[in-house]
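There are 2 protein chains.
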Amino acid sequence: MTTTPTTPIPLASRASDLVGSVIDSSTSLLARQTHDIVRFAMGSPAPEAIPTHTLAQVGIAAMGAEAPDAFDYAATEGDPALVEALLAELAGTTDATTAERLFITSGGMQGLDLAFKLLVDPGDLVVVESPTYTNGSATALSYQAELLEAPVDADGLDVEQLERLVERAGRTPKALYVIPTFQNPSGATLTLERRQRLLELARRWGSVVIDDDPYGMLRFAGEPVPSLHELAGGDPLVFSVRTFSKIIAPGLRVGWVDADPSLQPLLINAKQAMDTCTNLPLQRLVAGFLREGHLQDHLVTQRASYRVRKEAMQAALTEHLGDQARWTDPEGGFFLWVSFDESVDTERLFEVALAEGVAYIPGNALSPGRRFPHDLRLCFASMPPERIHEGVRRLARAVERVRR
Amino acid sequence: MTTTPTTPIPLASRASDLVGSVIDSSTSLLARQTHDIVRFAMGSPAPEAIPTHTLAQVGIAAMGAEAPDAFDYAATEGDPALVEALLAELAGTTDATTAERLFITSGGMQGLDLAFKLLVDPGDLVVVESPTYTNGSATALSYQAELLEAPVDADGLDVEQLERLVERAGRTPKALYVIPTFQNPSGATLTLERRQRLLELARRWGSVVIDDDPYGMLRFAGEPVPSLHELAGGDPLVFSVRTFSKIIAPGLRVGWVDADPSLQPLLINAKQAMDTCTNLPLQRLVAGFLREGHLQDHLVTQRASYRVRKEAMQAALTEHLGDQARWTDPEGGFFLWVSFDESVDTERLFEVALAEGVAYIPGNALSPGRRFPHDLRLCFASMPPERIHEGVRRLARAVERVRR
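One line per chain: the protein sequences are A and B, in this order. At position 251 of the first sequence (counting the first as 1) the number is 251 in full-length UniProt numbering, and the numbers step up by one without a gap. At position 57 of the second sequence (counting the first as 1) the number is 57 in full-length UniProt numbering, and the numbers step up by one without a gap.
The hints are simulated quantities; they were obtained by calculation from the structure and are not laboratory data. Certain hints may be false.
[What the hints assert, rightly or not] Selected chain A positions facing chain B (in silico; Cβ < 7 Å):
| # | residue |
| --- | --- |
| 1 | Leu18 |
| 2 | Val22 |
| 3 | Ser26 |
| 4 | Thr54 |
| 5 | Leu55 |
| 6 | Gln57 |
| 7 | Met63 |
| 8 | Ser106 |
| 9 | Gly107 |
| 10 | Asp121 |
| 11 | Ile247 |
| 12 | Pro250 |
| 13 | Gly251 |
| 14 | Leu280 |
C-beta atoms are modelled at their ideal positions from N, C-alpha and C, and glycine is treated no differently.
Turn these sequences into a full structure, and let the hints steer you where they fit.
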């Protein structure tokens with residue numbers, strides 16, 4: 001994946017630690033295909049789930065005659081209009097916060113870039129879930145962290161195994177990178193008990209918990225669990241990363257960080273050396289979208305739609321692959337994790353599946369140590385039920401072909 | 001400037017190398033002032049120089065019904081529509097380039113973040129101009145570069161002194177960070193001879209030239225000089241950073257990098273771990289703005305306006321501070337550099353000037369080694385001539401007060 005060019009350019013040693021994203025690259029790969037493909041690969045909201053019309057309407061107001069400064073520099077920590085609207089939106093939720101903890105970012109990924117930039121010296125240990133969102137772990141690698149993979153089961157990160165793994169490593173981790181709710185890629189949600197245990201371990205080790213939760217507002221089944229942010233009750237060791245990418249639209253590149261107020265001056269310094277500020281017109285657009293109450297309406301629609309899609313995917317899996325695979329049962333979010341037996345190599349399967357007209361992310365691309373050769377991630381959020389059914393049928397056909 | 005908080009958070013060693021921007025902080029400082037202030041501090045286009053109306057018009061089309069995917073993820077390397085429009089815009093100019101060299105960034109600052117992330121290991125030597133744009137040098141510091149300041153005169157970076165300084169340092173620099181045209185903050189333009197000599201030195205040392213040129217299209221006097229990009233003729237050692245911030249609007253956060261094609265895979269990997277992609281709606285907006293031919297018209301207006309403003313500022317300086325200071329004579333861009341004798345401390349002057357109702361950036365804030373205690377930067381671009389005159393009058397009054 002890493003391509004260090006033969007060049008006279010005197011690259012930094014970290015250049016060889018920059019790991020490309022199979023997830024992002026699959027967008028380009030798929031864009032080059034000319035035949036019909038059911039796209040279970042990317043974790044994007046469905047095109048029809050992005051409220052383009054409302055966004056355009058709100059955007060016109062945000063950039064129009066009454067907003068003459070809409071195209072100027074924004075404050076590094078975020079536009080006051082967005083900060084105010086977001087605080088109001090979060091009040092009373094498990095992510096409720098205060099202005100001095102809030103910091104607007106250019107999407108969730110910049111929240112991770114900020115966290116690891118502030119925390120990681122080369123060689124520092126960072127715990128990641130296994131499987132994990134490898135775009136996130138790549139950010140830790142870009143600061144030359146050493147990764148420790150800890151397993152995830154149906155209840156999320158296995159904190160007992162985590163404790164044993166850290167003991168065996170003989171040193172404490174600088175950070176614990178977790179996606180506690182509707183985890184990417186497993187779909188699992190960390191239980192309340194495990195969340196509390198995780199916070200205890202973090203306190204004991206002096207490790208920062210990077211609480212990456214892009215999907216928490218997209219629960220369509222089961223009972224809500226308090227966020228790590230809420231459970232931590234202001235503990236400076238919890239650094240929460242949030243984004244509007246999955247709940248409004250990814251192209252906005254607007255997200256936020258919720259962190260100890262003592263970090264604000266450092267976040268400002270770090271972001272000024274990254275991109276100065278987040279683009280102002282779309283901060284204003286998001287502020288208007290929130291202020292006009294569109295988000296809550298939109299979430300109600302989305303949750304209902306994603307439940308139908310998840311159920312369609314599970315029904316199709318039962319019908320076409322019921323005797324050959326197991327899969328998870330997420331209560332929200334975008335992803336199902338499908339596990340085959342050892343006879344199915346999901347990287348080899350990928351090309352056959354693409355030829356059959358279906359795309360997914362192979363398990364090995366979602367583990368820095370490539371620990372999931374027989375698993376794959378399916379995004380159920382992007383496709384309507386009939387396409388989901390067709391896609392799973394194609395996947396089953398591909399599995400049949402590679403088994404032969 | 002650096003505030004490392006007292007906290008149980010296990011910060012990385014680089015946290016203490018993150019240097020805040022006096023330039024950016026002055027925005028927040030000025031926002032808190034309630035009295036009338038003439039703002040010569042920030043390097044923003046004038047509010048009336050940002051084509052808000054046209055941008056809003058083009059933006060509506062870019063995000064409207066005919067663009068259903070406008071809010072989705074963009075390709076990491078940039079939206080094809082913007083790449084195409086930009087290639088056409090640059091064709092025939094000194095920045096003409098090809099698709100495989102072009103990489104869209106979230107503003108010029110991200111171009112610098114990418115450059116230094118790919119190049120700098122802790123302790124590596126990076127040459128910066130003295131004075132320089134300290135937001136840029138802060139990006140090098142965020143990767144723990146060691147900075148070497150080389151002086152700038154009326155002909156730009158003094159390459160002979162640079163050569164001697166590098167010899168004396170006893171090791172070659174990893175990168176040479178230069179703003180060759182209408183330099184920020186001095187306003188000086190590097191001569192053709194010095195550009196050629198700089199490229200020779202870079203080749204001899206194996207150093208990358210980071211060619212940061214945000215103002216090059218804003219020439220209002222004198223003869224154009226070929227860009228370092230053009231003079232390098234494809235030499236992989238030149239890495240060019242450009243932005244729409246000064247020529248269209250800073251709030252867009254859209255810029256580009258022009259670099260050796262061998263770096264594209266690394267730029268993609270690095271950016272995926274920074275912010276995934278640049279926001280798509282405003283990439284589309286810029287593409288539309290270029291495609292409809294607005295940029296050239298806009299530049300013609302801007303150049304004429306900035307010439308008038310620069311002349312107004314020089315006239316006001318002659319009238320009010322003619323016997324007390326010297327200043328530069330830029331042929332384009334945004335900035336004049338004013339030098340006083342040793343009796344004027346421009347950091348101490350700042351508070352008095354603010355009380356008098358005028359703001360600027362003190363020279364020391366524009367040099368990592370704080371080498372300019374008696375100098376200051378004035379931005380002539382943001383204010384109409386009558387305000388410029390009033391601001392310089394206030395500045396002279398403040399100087400009179402500190403001299404007493």
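May I ask you to test the interface hint for Gly107/A with respect to chain B, counting a Cβ-Cβ separation under 7 Å as satisfied?
5 Å, holds
Interface hint check: Val22/A, Cβ to nearest Cβ on chain B, cutoff 7 Å. Holds or violated?
10 Å, violated
Can we keep the Met63/A interface hint, with Cβ of chain B closer than 7 Å?
4 Å, holds
Against chain B, run the beta carbon of Thr54/A and see if the smallest gap drops under 7 Å.
10 Å, violated
Holds or violated: is the Cβ of Leu55/A closer than 7 Å to a Cβ in chain B?
6 Å, holds
Holds or violated: the hint that Leu18/A contacts chain B, with Cβ atoms closer than 7 Å.
4 Å, holds
Using 7 Å as the Cβ threshold, decide whether Pro250/A counts as touching chain B.
5 Å, holds
Interface hint check: Ile247/A, Cβ to nearest Cβ on chain B, cutoff 7 Å. Holds or violated?
12 Å, violated
Interface hint status, Ser106/A versus chain B (Cβ within 7 Å):
4 Å, holds
Status of the hint placing Asp121/A at chain B (closest C-beta pair under 7 Å)
5 Å, holds
Satisfaction of the Gln57/A interface hint, Cβ to chain B closer than 7 Å
Not OK, violated: Gln57/A not within 7 Å of chain B, min 9 Å.
Given Ser26/A as an interface hint, is its Cβ closer than 7 Å to any Cβ of chain B?
Not OK, violated: Ser26/A not within 7 Å of chain B, min 11 Å.
Hints 2, 3, 4, 6 and 11, counting from the list given before, are not met by this structure.
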